[in-house]
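Enquirer: Starting from the structure of chain A, add chains B, C and D with the ligands where the hints point.
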Amino acid sequence: MEKRYQYAGSDLAGEDKSMLSSPFLGSDRSALLVSALFVFSLLSLPKYNLSGVIAFGAFPLFLMSAAKLPAGKIIKRLLRISPFILFMAAGNLFLDRTPMWFLSWFTVTGGMMTATVIFAKTIISLAGMLSVTLCIPFYRICRALEAFHLPEVLVTQLMLLNRYRSVLQEEALSIQKARDLRSFGNRGKELFRTASLIGSLLLRTTKRAERLYRSMIARGFQGRMRVCPADSMTSADWRVVGLWSLLFLALRIIF
Amino acid sequence: MISIEGLSFSWPDGTKAIDDISLAIAKGSPLGIVGANGAGKSTLVNHLNGYYLPQKGTISIGGIRVNKKNLDQIHRTIGLLFQNPDDQLFTARLYDDIAFGPENLGLKADEVTVLVEKTLRELNLWELRNKPPAHLSQGQKRFAAFASILVMNPDVIVMDEPTADLDPKNRRQLINLVNGLRKTKITVSHDLDFVWDTCERVCIMQRGRITADGPAKEILSNRELLEANSLELPLRLQR
Amino acid sequence: MISIEGLSFSWPDGTKAIDDISLAIAKGSPLGIVGANGAGKSTLVNHLNGYYLPQKGTISIGGIRVNKKNLDQIHRTIGLLFQNPDDQLFTARLYDDIAFGPENLGLKADEVTVLVEKTLRELNLWELRNKPPAHLSQGQKRFAAFASILVMNPDVIVMDEPTADLDPKNRRQLINLVNGLRKTKITVSHDLDFVWDTCERVCIMQRGRITADGPAKEILSNRELLEANSLELPLRLQR
Amino acid sequence: MHMADALLSPMVGGAFWAVSGLLIGYSAKKVSREADASKTPLMGVLGAFVFAAQMINFTIPGTASSGHLGGGLLLTVLLGPYRAFITLASVLIVQCLFFADGGLLALGCNIFNLAFFPAFIAFPFIYRVIAGNSASPRHVAAGSMTAAIAALLMGAFSVVLETVLSGITELPFGTFILFMLPIHLAIGIAEGLATWAVLLFVLKTEPALLNRQPASSRPHFILAIFTVATLIAGGGLSWLASSRPDGLEWSIANVTGKGAVSGVPPNAGTSLSGIIGSLSVLVAAGGIGLVLGKKRPEQKNL
Ligand SMILES: Nc1ncnc2c1ncn2[C@@H]1O[C@H](COP(=O)(O)OP(=O)(O)OP(=O)(O)O)[C@@H](O)[C@H]1O
Ligand SMILES: Nc1ncnc2c1ncn2[C@@H]1O[C@H](COP(=O)(O)OP(=O)(O)OP(=O)(O)O)[C@@H](O)[C@H]1O
Ligand SMILES: [Mg+2]
Ligand SMILES: [Mg+2]
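Chains as they are written, first to last, in numbering that gives the first Met the number 0: chain A, 0 to 254; chain B, 0 to 238; chain C, 0 to 238; chain D, 0 to 301.
Just chain A, with the same shape it has in the complex (with noise of 0.2 angstroms):
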């Protein structure tokens, strides 16, 4: 776990020079759009239906090829799946016996055929989704969010969240060698003494945020961190989520 979210700001956040998804997604805001469009029709597929999981596959392909994203990101990304799932998973295909079709002498169950479905939704899904955040940087994230009338309470909290996440991630991950420079064995790394780390590092966290609202307020600040005000929905981005929507709508359909 500790070297889950270690470099994710550098590493998987779209960066400016990554590229806009525009062309085919249209603007920030009808990109989340239809990537939500996208989980949510993938995800109404009844669950016997492995050929129409498959085929939602085309839309994160698509992006990959198309904004030649970095595929091994998001596979290493995929290959951390919950064990949660598999272990679900599992279950169906130990409950559900019930023979589907016989291939000679190897025999399909029911459970074979929703425990691929599960399994093949979450990898679509999550890369789908992966594939749109990653053409878009943090930040323009948070106006788009804005741009749906999300509280500005909220926007303010990810673009702070986002700033800070990895700063502290080091220092946490500093103190933490510090403390393994120091212990030998599990002699050092128990609750306890670990938890006076975790309070220390929670003390800098508040001294910090004290700082920071000074330096915030000395700059005009009252509240929220505005940088741009958002634009709402154009017309153009609507053209997009209804092409999409389209899209998904005929892979529904059809398969």
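The set of hints was computed from the structure by calculation and includes no laboratory data. Possibly wrong hints are sitting among the right ones.
30 angstroms max Cα-Cα, derived DSBU-like pairs, lysine-lysine [said to hold, decoys possible]: (1) A/K206 x B/K55; (2) B/K67 x B/K15; (3) B/K67 x D/K29.
Expert: Just chains B, C and D with the ligands, lined up with the frame of chain A:
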């Protein structure tokens, strides 16, 4: 410009960090504050912008009392460079960070653009404008924090250990930059050579009190005085 | 004692912080590593104790390879002072922080008591022993972090910017202390005068590579070489 | 534990999106009415702190395994329910968008399971009642332990509920519950111990941090009654649903005009040809993408 009168401050655990300090700082004369570790220097300068409020005594800046009511005005007058630049940069792009202050001051968009570009170029940060502050090196971060203050054009600039972690070349550039600013400047530093190069007046602090106050060159070449206060001659005067 | 061979390291964002470095450090000969901000010095020394593991190349310390399996042994051999002391202190009382290492080493309680008291007194921290490290001044924190390493009595001591935030007297004391230690010592610092006083050998780093390596006095008095690497002569040699 | 997209039906996922959305809106209103701008950076940085704290491992007493702090209860003790809820929701949003934890549809469920219970139930009705503003280690211990365990168990129960209501998995309600609750009891104990220990550290070094809570930040009792009612109703529904697992799917299937085959396994022939068809869609999409991607000039934007 700044007047401190009978200021005292104790931490909740009883440590007396500032002990009855009175000090007047004239407009335009750069002041250095030096002294041993734990002398109370940071605690003192953090009082100037209201980060801590006086427990006893008063502070006023350009005629305005530092208290809870006036904080807004105080923050506009004084720019404080924190010891840790990560405490000062909070947006996703360096550019946005520098533009944050002027925008909130209500400047027009094109004025902001001109001002921000000028400041960034002045500090060699223009190329880095699209980088997230978290991806800058320590020295670049310090310059960026400095830019975020400079761009607000405050009357008073206060710097707490501005040269820590700077390489010699960046340190030299900071000296030139600070000397080019026509403002009231207060520097807290253990780098006595930096103080020698940038300040006209020096105060020495010890255990929460000011134990010496005078022209920089005079104080900083007085070996006995310095050594009595846990200090040494600037390195250039040593051989 | 320490040998680094063909070491390279890149950050996930592509920044190449260390670029094919090979270096052998003999027992007992103090080494200084200097260079511009962002040259890769911290990244390099953080490899020595396994904080980062080599992406390419190998490191061995006293014959032991630095890898995941040997970390416990490596940590026993090498003591690293981080660039930021806040990252090194984490208990509710300074005393506990200094006792943390020896306790985990399995020393007996009365041995720990004696050792901790000796170390705290040596670094003028005895009076502060009951304070939480978070409530120390910056320079006090740095000495405390140094104490937490010294008390473990490692064979190799690595210090990243040990003099930042130290007052001149404490800096002088550190020089004497470091010079009195019979250990393999590696110092990363922008304080070239400190390097001059404590190191016999100096390496200059630039953009992840070692661009010069030789006797300290020789390298640190070579103005052209230093200026080509964003450095300056030590202040004592200026004018 | 994060709920996952693939285990959810759009109905259930959408319903929890709506519930969590309403709660966010409600909390945001409360927070902006308080108009205390100094708390804004505190929330932001504490959200980042949750990520950082989750990286620090410790050995769990009495076992050889290691764990980390979740942080939900700790954050609520420091920030009060409304701010903590917004902060935890932001953490879950970032985890969802950039770390693919759970997924987009599951986000609503995750906010409900992992933020609502500690912020609006466990803190005000358990921790507050037991520990109050007391600084006594024993009160803090009892408060954190019970509140953390309760929050985790309620979260786990809610995961089971959402899964069974969705009807994607075959696991019956009873078995699932018997599997989830003991695990989350163990996690809850570790979380409670860690929260207690961190609070103890704060009490020792910077007690002022803990006394910031105004008493008024206690959510309405109605909220609690509402939750309990929802859970009971949901529990009843899921008993029903687990006996007829496909019960809720028909509506979606109807919309797409494929109601008839919804829960019914297709035969081998149609399945095979379907899969071949879908694979050719994949190839086509990838190919079109490559062509379009080549034509498109590299974009440079500010
Ligand atoms: N939060 C705190 N609680 C209690 N004591 C504190 C706290 N912060 C600082 N102190 C104490 O107050 C005194 C003054 O600290 P201050 O940080 O002002 O020193 P300084 O002169 O800036 O030192 P340095 O040169 O090391 O930065 C020190 O003795 C320190 O131990
Ligand atoms: N987490 C990170 N992600 C990406 N790049 C990084 C990261 N940390 C450091 N870098 C980059 O790696 C290079 C080397 O950094 P390092 O901290 O080793 O420099 P340094 O020589 O110690 O500098 P300083 O004198 O400022 O301490 C720098 O260019 C820096 O921008
Ligand atoms: Mg200080
Ligand atoms: Mg460094």
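Enquirer: Output the indices of the hints that this structure fails to meet, ascending.
Expert: Every hint satisfied by this model.
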